[in-house]
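Asks: Let the hints inform the model, and build the full structure from the sequences given.
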Amino acid sequence: MDLENQKRVKEFADEFGAENLVVVLGAAEGEAAGLAAETVTAGDPTFAGPLTGVQLGLTTYHVCEPELKAEFDEAVYDEQVGMMEMVLDVDDIVSEMSAIRDEFCKYL
Amino acid sequence: MNSVIKGASYVLVHTPEMVVYNGTTQTTERVVNPESEYLKELRGHLRSYEDCVNYWPNQVYIGNAHPDELAQVEFPYFDKKKEGAERYGKYGEIMPEEEFLLLVQACDMFEVVKLDKNFVSAHKDAFAADPIITEDIVSKIEEGYELDEIKHFIENEHAEGLYHNNELVGCVRTAHDIDVNLSAHVMHENLMSKASSVLALLYAVRNAGINKEDVEYVIDCAEEACGDMNQRGGGNFAKAAAEVAGLVSATGSDSRGFCAGPTHALIEAAALVKSGAYKTVVVTAGGCTAKLGMNGKDHVKKGLPILEDCLGGFAVVISENDGVNPEINLDVLGRHTVGTGSAPQAVIGSLVTDPLDRVGWKVTDIDKFSPEMQNPDITKPAGAGDVPLANYKMIGALAVKRGDIDRKELPDFIQKHGLTGWAPTQGHIPSGVPYIGVAREDILAGNIKKAMIIGKGSLFLGRMTNLFDGVSFVIQANEGNDAAGTVSEEEVKGLIAKAMKEFAETLMAE
Amino acid sequence: MAILEGKKVIIIGDRDGVPGPAIAECVKTAGGEIVFSSTECFV
Numbered sequence: 001m002d003l004e005n006q007k008r009v010k011e012f013a014d015e016f017g018a019e020n021l022v023v024v025l026g027a028a029e030g031e032a033a034g035l036a037a038e039t040v041t042a043g044d045p046t047f048a049g050p051l052t053g054v055q056l057g058l059t060t061y062h063v064c065e066p067e068l069k070a071e072f073d074e075a076v077y078d079e080q081v082g083m084m085e086m087v088l089d090v091d092d093i094v095s096e097m098s099a100i101r102d103e104f105c106k107y108l
Numbered sequence: 001m002n003s004v005i006k007g008a009s010y011v012l013v014h015t016p017e018m019v020v021y022n023g024t025t026q027t028t029e030r031v032v033n034p035e036s037e038y039l040k041e042l043r044g045h046l047r048s049y050e051d052c053v054n055y056w057p058n059q060v061y062i063g064n065a066h067p068d069e070l071a072q073v074e075f076p077y078f079d080k081k082k083e084g085a086e087r088y089g090k091y092g093e094i095m096p097e098e099e100f101l102l103l104v105q106a107c108d109m110f111e112v113v114k115l116d117k118n119f120v121s122a123h124k125d126a127f128a129a130d131p132i133i134t135e136d137i138v139s140k141i142e143e144g145y146e147l148d149e150i151k152h153f154i155e156n157e158h159a160e161g162l163y164h165n166n167e168l169v170g171c172v173r174t175a176h177d178i179d180v181n182l183s184a185h186v187m188h189e190n191l192m193s194k195a196s197s198v199l200a201l202l203y204a205v206r207n208a209g210i211n212k213e214d215v216e217y218v219i220d221c222a223e224e225a226c227g228d229m230n231q232r233g234g235g236n237f238a239k240a241a242a243e244v245a246g247l248v249s250a251t252g253s254d255s256r257g258f259c260a261g262p263t264h265a266l267i268e269a270a271a272l273v274k275s276g277a278y279k280t281v282v283v284t285a286g287g288c289t290a291k292l293g294m295n296g297k298d299h300v301k302k303g304l305p306i307l308e309d310c311l312g313g314f315a316v317v318i319s320e321n322d323g324v325n326p327e328i329n330l331d332v333l334g335r336h337t338v339g340t341g342s343a344p345q346a347v348i349g350s351l352v353t354d355p356l357d358r359v360g361w362k363v364t365d366i367d368k369f370s371p372e373m374q375n376p377d378i379t380k381p382a383g384a385g386d387v388p389l390a391n392y393k394m395i396g397a398l399a400v401k402r403g404d405i406d407r408k409e410l411p412d413f414i415q416k417h418g419l420t421g422w423a424p425t426q427g428h429i430p431s432g433v434p435y436i437g438v439a440r441e442d443i444l445a446g447n448i449k450k451a452m453i454i455g456k457g458s459l460f461l462g463r464m465t466n467l468f469d470g471v472s473f474v475i476q477a478n479e480g481n482d483a484a485g486t487v488s489e490e491e492v493k494g495l496i497a498k499a500m501k502e503f504a505e506t507l508m509a510e
Numbered sequence: 001m002a003i004l005e006g007k008k009v010i011i012i013g014d015r016d017g018v019p020g021p022a023i024a025e026c027v028k029t030a031g032g033e034i035v036f037s038s039t040e041c042f043v
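Line by line, the protein sequences are chains A, B and C. The first sequence: position 108 = 108 (the numbering used here), numbered continuously. The second sequence: position 359 = 359 (the numbering used here), numbered continuously. The third sequence: position 14 = 14 (the numbering used here), numbered continuously.
Be aware that a few hints might be false.
[Stated by the list, open to error] Calculated cross-link-like contacts (lysine to any residue; reagent style SDA-like; alpha-carbon spacing at most 20 Å):
(1) B:LYS301 <-> A:GLY57
(2) B:LYS212 <-> B:VAL112
(3) A:LYS69 <-> C:LYS28
[Unchecked claim] Covered stretches of chain A, as calculated for chain C (at least 3 residues, CB under 8 Å):
(4) 7-15
(5) 23-37
(6) 71-82
Everything labelled a hint here was simulated from the structure, so no lab data went into it. Please read these numbers as outputs of a predicted model, since none were measured by experiment. Where is the CB? At the ideal position from N, CA and C, for every residue including glycine.
Replies: If you want it as structure tokens, here you go:
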């Protein structure tokens, strides 16, 4: 994850409390989604950014995951994400994201 | 009359040392994590020049293989060798780093590039032997400096080192003591962009079969900015490169739009020619050192070579309609507007189906789409997916929605109207334009009639707007060359003969 | 329990996946308060 974005995530966790935050991702592939999710839960796996070694355990979902989709207005989701969802490998994204959540999320 | 695409050039420069010293992924890593495993392993993953030349996507880029051939190569590409691969191709070449450093020095007008004497003498002959490099350019090569002098500039005066085979062979000095816009880092970045643009211009003129004096305007559409502290992006890369390339009749300017820049610039060029303002305009761009090894961490982690080891350049020559070459149709322009939004379907709709709606064409009327031609060998291991394929899936989905194709035809549509990506991830370089050279030839050969070039840009990276951007245009067979659209000489003779016969018959009847 | 309602939401979109502003439009409809939205680019 971009270093500046990591910095902002860390600042928001300090400001609002990790339990009050949710990180929503839009990654193009399962692996990239998993890496971003890992960054905001277990720390930056690439050891490059401000979240290196910081275990925030934030709640995180990909925008195409069914649990999150159920909370959105259907028409808005369809207009904004619908077609991209058809292009993405949602099953792969779901499996990567759930694996990270099960292991590292602290506030589920 | 529409303007035509007279020719195009595509060049690569193999720059493994600049991956190490100038790519931002690596320079950032040296700041935040100087002892990292990645930095230790990096050098072991750099490709040799030969491997870079033998790489399938690179051979497609310079014109030694058709994209359709690449589509037949089993993925991934990095472990396959293109048989019969060569340095030179019909569109350009893959220049080795050592020769490129000499070209960079020849492009330097302010004595900031200092090369080691021994290095210059070792490589000057090879550089001069490149058929595209003119005597005029070779004559600009200086004898060089003592290595101690170069070390002094680096150690005491903030110069950026230039390397070959992991050895110091020169430097780029600062062009100003205080102004960060003229720092050695910025000068280095800009000179590399300029020099690769010069190379692209030289090939473009050759490939279009025009004289250098014919070029009246040059538009540079790279992503760098040159200027000093009073005008950071003042420009003008276009004219600076045109000068070295010997385009004496040309003026020019820079046009910017992130990765969408080239497509914007081509539309501007086509409009300038169609309006009559200039007869021949060349759109050019050099490469970007910052993006070298951009996804290197993922490549190294997965045991791949560093695939982002080349600067890319291209140039397209647009000129008055010659009745032969493919035309740029300015009636079918796609544009992502301020109001379009950033939903992927809205973006692709604005670029693909909206312009087709305006002229009543179907999606299937376009034989080939060239959205962003990033090489999936680079992007897939980095988690960015297969970018061209994702675009084709969306274009196909829109075609289904419009009723242009049936849902069952979707896989077939992607294969028939799509391409496999082969362009290096140099930002603006993959954006639609790598296909123009191939499209021109395929249209001239009658294999296809219409191609759509699509450029997209991430404006939000500049932190000035959250907006996305993109534009598109259509290249089509020249109507003067289209047998269905006009009447050939044979047909005219036939029509005259028929009319004479009828006339004679009426006379006889009387 | 809702995931997004009443929560502060950070959005990390992807240029070649789902961009930040598109995610933001969805999150708003679920009652999440967006505190930050960004879009990453790998190309």
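Asks: So, for every hint listed, does it hold in this structure?
Replies: Hint by hint, here is what the structure shows:
1. B:LYS301 <-> A:GLY57: violated (25 Å)
2. B:LYS212 <-> B:VAL112: violated (28 Å)
3. A:LYS69 <-> C:LYS28: Holds. A:LYS69 to C:LYS28 sits at ~12 Å (cutoff 20 Å).
4. 7-15: It holds, with 3 qualifying residues against the three required.
5. 23-37: With 9 residues closer than 8 Å to chain C, the region 23-37 of chain A meets the three-residue bar; holds.
6. 71-82: Holds: 8 residues of the region 71-82 of chain A have a Cβ under 8 Å from chain C.
Violation of the numbered hints given earlier is confined to hints 1, 2; the remaining hints are satisfied by the structure.
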